[in-house]
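2 protein chains.
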Amino acid sequence: MADISSDQEADLNLEHQQLSSLEESSPRNRRLYSFVGTYGGDTPNLSRVECAKQYLAKQCTTLTFLCCLNSFLDKIPILRCLKEYKIRKYLFGDIIAGITVAIMHIPQGMAYGVLTTLPPVHGLYVSFYPVIIYMIFGTCPHLSIGTFAVISLMTAQAIESVIQPSMNMIDSNQTLSSISSSGSDLLMINERISIATTLAFLVGLVQLILSFLRLGFLTVYLTEPFISGFTTGAAIHVFTSQIPYIFGLKTPRGVNGPFKLPKLYVKLIGILLRDINWISTAIGICSIIALYLAKYLNERFKSKIRIVLPCELILVIIGTVVSHFTKLSTHGVSIVGEIKRGLPLPTMPTFNHVNELISPAITIAAVSLSISISMAKMFSRKHGYKVSANQELLAYGISNVVPSFFQCYPNAGSLSRSVVQEGSGGKTVLIGGFSSIVLGSVIMALTPLFRPLPMACLAAIIIVNLKGLFFQVKDFVFYFQISLLECTLWTMTFVSVLLFDVDIGLYVGVCTSFIINTIRTQKPRFVTLGQVKDTGLYKNIDYFPSACQYPRIKILRFDESLYACNAPFFKRKFYELIGICPVYSPIICCGEKLEENKSEEPIYKYVILDCSPFNYIDTVGVKLLIQVYKDLKKRGITLYLSECRFEVRHILDAMKFYEKTELYIIYVTTHNAVVGAINALNSAPVNNDESNGPTENQV
Amino acid sequence: MADISSDQEADLNLEHQQLSSLEESSPRNRRLYSFVGTYGGDTPNLSRVECAKQYLAKQCTTLTFLCCLNSFLDKIPILRCLKEYKIRKYLFGDIIAGITVAIMHIPQGMAYGVLTTLPPVHGLYVSFYPVIIYMIFGTCPHLSIGTFAVISLMTAQAIESVIQPSMNMIDSNQTLSSISSSGSDLLMINERISIATTLAFLVGLVQLILSFLRLGFLTVYLTEPFISGFTTGAAIHVFTSQIPYIFGLKTPRGVNGPFKLPKLYVKLIGILLRDINWISTAIGICSIIALYLAKYLNERFKSKIRIVLPCELILVIIGTVVSHFTKLSTHGVSIVGEIKRGLPLPTMPTFNHVNELISPAITIAAVSLSISISMAKMFSRKHGYKVSANQELLAYGISNVVPSFFQCYPNAGSLSRSVVQEGSGGKTVLIGGFSSIVLGSVIMALTPLFRPLPMACLAAIIIVNLKGLFFQVKDFVFYFQISLLECTLWTMTFVSVLLFDVDIGLYVGVCTSFIINTIRTQKPRFVTLGQVKDTGLYKNIDYFPSACQYPRIKILRFDESLYACNAPFFKRKFYELIGICPVYSPIICCGEKLEENKSEEPIYKYVILDCSPFNYIDTVGVKLLIQVYKDLKKRGITLYLSECRFEVRHILDAMKFYEKTELYIIYVTTHNAVVGAINALNSAPVNNDESNGPTENQV
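Quick note, the sequences are listed as chains A and B, same order.
Each residue of the first sequence is one higher than the last, beginning at 0 in numbering that gives the first Met the number 0.
Each residue of the second sequence is one higher than the last, beginning at 0 in numbering that gives the first Met the number 0.
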């Protein structure tokens, strides 16, 4: 607690002068009614019809042709970007960033394509088409749309739940190309692709509907603790899905229902010892360690090596070369296999299984938009530009719908790529365009080169990229120390994602959010106030033990809005605090007669309730106050209210509170109420042995 | 606005004296840190371990044998009642009340028994056994447990959903006795009874579990608007179920799914014109009118005719006598038929279909306990005794479990009977005992007398008794005028009960409750404050137009706790209020060049945020404040906070707010902050053409 500075000492005179002119209001205006009558104005209570008319009038003024045109063009942000583009300032940075991000897209696209249980080239498509669309309609230059682990996982689960389980086990020892060579397996691959594209279309449609209905505000319910807990739990699911690829095992099938993850681990441990492929394991573990070290060193010495090393691409190249020359596939190591060359032509999604896909589509839409929007908002806060939730939803929607015609599955923003995109010096959304140029070239020409790449390398890329999500566990520690309620939300979401599944975790998390918002209002602090010496301030006597309390006057403050869900608690605690407890006589007495506990006189004559925390009070709250007032009156105690804001005043008026109680029990400030109570005590017949002056609070 | 009384003029001197000694705190203590340092005490921050230890220690002191015994005996409230019973004072009133209520039970029991699609005698059992149990374990003397329309309806629906649909239509033209004479129909009746008793057992079990886990507090979520809307909607379902009996139609079957009620009405109107039985209709309509008139007149002249006329019993007697002598059953009018005589012996419920019955059991348990407890609380408020939610739950639970061994279905408190019970002069729970004596005699001896009673009479009794529930529609008007949020809750519950079903309505209502609690915090008022002349008070300039604002100082107040769900709204409105809007340039200009909107100097130099409404602030809120502070600092504006309570102070400390902003921007009161801002403005280099004194607010 540092000393005040010297110039403030000099202000002492000025302040005294101001204070003496700012005297407390005269007794006439102590009572709320008089105060409002003296100083208040007409309540600007526009009827709802008036408000609606004003709003419509305002909308109509903007219905000129030019305004409509501008409004339409605003939905295509790239036009504004091109209009304001400064070639000298932005172009080089955007090109470099585009190339850097494309280099990350290539291995990640293939890896996440496999995670989706589709041929890896589809991951490359998802890194190409949606990025172009987002460049046209999106507003966040640093957000990197494309493949994302959690969304790929959820897509895979949706496909699994729909597809005919014609094989019980995917044999991950075989290459995907050898699978596709047989007719029925080819059919199954096509079936998966068609389900995935239908899903992407539906996901985009949901997002577009939300955008058109301007429901972007719903994203506020997907709060930071929720997203953190959710993505951390989902990361563990992603990690688990890659373990078979590292160790060269078959992915166990038929594990469903609650506690899916523990059951899966039990099965994996069972088959691990039996079927482990040591070469694949060695490649996987080495890749993980090498990649992790490389990224760590790159991060550590970032300031010296100005550029971001493309560690994943280097791993992919090394892995491909080594596998090619040592012919690893002949040793039972699973490889990526044939990857189709060339960009696909537009084809209609088949829209089979739409009924079964609607529910996963809604869940995937919610998760993908919440992750993308929270990242966009984080960058907007950091760099000072504005992102509009509804425009972003439009962008995400179109970037799922249109690419679904080009064999793409659902996409979202990826944190790791976005951070790289931000750090590589790009400034505008054109980064996406340059990235797609590079990626398009790769897809057109270079994909056959990746044929011998071991799957274990791709799995290593996925696992190492989960590091950021795993580190979110420190959020749990942060919330635990700061805010137990947010910690509860994080934990409930994380645990339900872990124990049940990703979509159930989403719903549990959102419900917990709502329930917590109610629960935290149910048992607030209900404190006794005392007057801080030499001031007109009334503070909690627990934290300000030197604050005085007047005998026979109790000042209370209920630190939350009073409504149905906390009214019973209010009532119980209120009577406890003013010392009125029900007489409890046990059924079987222990021998001696209990004294009659009921005193004739209540301890307090006046109870003042400071209503400043009441941001809201409902009819149940008002009825309770009336009931308490009447009950106290019977006991010879008068209840005063103070510091009532408009929310409280207008419902007291509406419910005719004053007719049921008294007109003059509501004071403007707590101090006014105390003065009123002292005056009333002094004018009442006096008990000569009692003083009404303040006494120190005895702790 | 009445004038102040004369004695208050005389107090003027006293108040001046007090006020001059209660000067504003010195500048040293204007800043929050210094204030807390000077006046604050050690934060009584018991660690959670300490709190737990104290609690356990307190529990252990009550672990003496005598305390445990008393605690056990407290769970059998009738012991206390008998211990404190004053025969002279209570006995006569209790006997009269018991007989009065029994007289209501007889016709209602039979009617609601039929509503449950069971033989009517089971309604009489439900009016007998649970009442005895409640007498032993319940705490509310005025609550009349037994049959209740809504619960009977839900029981019937549960039975329907489980039982084999062996007949498509119940022929309500036949007597239930003629149905039971055929073998397969007898089997079906037995099947229904066994399902109903299993359901009663499960309902009681749910209530007992809630009681043992001391989850009575959960009943707070079943708020007044919810119960009102719910029971009103359910009353319409009950009314609909009785229409076939009035008109002598067959109850349509196979109507399920959403919009059940409208579909049912369509079907009924279809068969009405075809199958209507005029005699039954005449009896029904006449009974309704006669009963309604009788109750109305009885209510009107209550003060003259001291007693409550047993209108329903009189109707039953008249109906029985008329039907017997005119042999109505031969004219196609459906009658009650043979009613078993005698009280049943205990038999185990069969526990078939337990899996299917769990969900209806939970719903019925929730509805029945919420209705019963809300009535108990209403009577306890009115008469000044205490009811304990957990003890009541125990009573309801046992009064469902034990009677399930005696062929009873689930029960609840009934408002109409409870009001009568209250009004007949009874004082203790022994009313139930006397009522059961009367009822037991009827069941043992008199039931065959009711054989010719027309079903239309019972239906009339049910319909007229719904009047109270229908009148709850005026609650809608009340809430509409006073509190839109509660009105929304009422409407959502009512509409979903109507359009879908009673159990879906329950869940929708509870979810709406939670959602509304969050939604109302999302767009609170965000107001500008001004200083009320001659006072140190700062009020909303909309309601106090004469309040002064200082140039270059903006005082704002956000009227709700700041957390994740309203942080985006806060941010948007904040910048709007201080006049910092993003520069919008349309893509296509309309010809003239728009002026550069950005002024060099911001309008305000100091923005003071009054944090008195912040009952809670989470990490998202604190991060937002830090971000806003930094952003304003870049624009040359300083943000001050004032009126921060402990909830805000401790999280600002925990999140190291002061390290990220400044130590001295938090003031104790808004007035302190204004003085601080004025001082800072005065000591800054002055623009000679600006004055820093207050100016009238221009509306």
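No lab work stands behind these hints: they were computed from the structure.
This structure is a prediction, so every number in the text was calculated from the model and none was measured.
You may find that some hints are simply not true.
Stated by the list, open to error - Straight line, CA to CA, 27 Å or less: simulated DSSO-like cross-link-like pairs of lysine-lysine: (1) B:LYS381 - A:LYS57; (2) A:LYS376 - B:LYS522; (3) A:LYS655 - B:LYS632; (4) B:LYS376 - A:LYS385; (5) B:LYS473 - A:LYS522; (6) B:LYS385 - A:LYS632; (7) A:LYS633 - B:LYS381; (8) B:LYS426 - A:LYS633; (9) A:LYS659 - B:LYS381; (10) B:LYS473 - A:LYS632; (11) B:LYS572 - A:LYS385; (12) A:LYS629 - B:LYS473; (13) A:LYS381 - B:LYS426.
Q.
If you test the structure against every hint from before, which numbers come out violated?
A. 1, 3, 4, 5, 10 and 13
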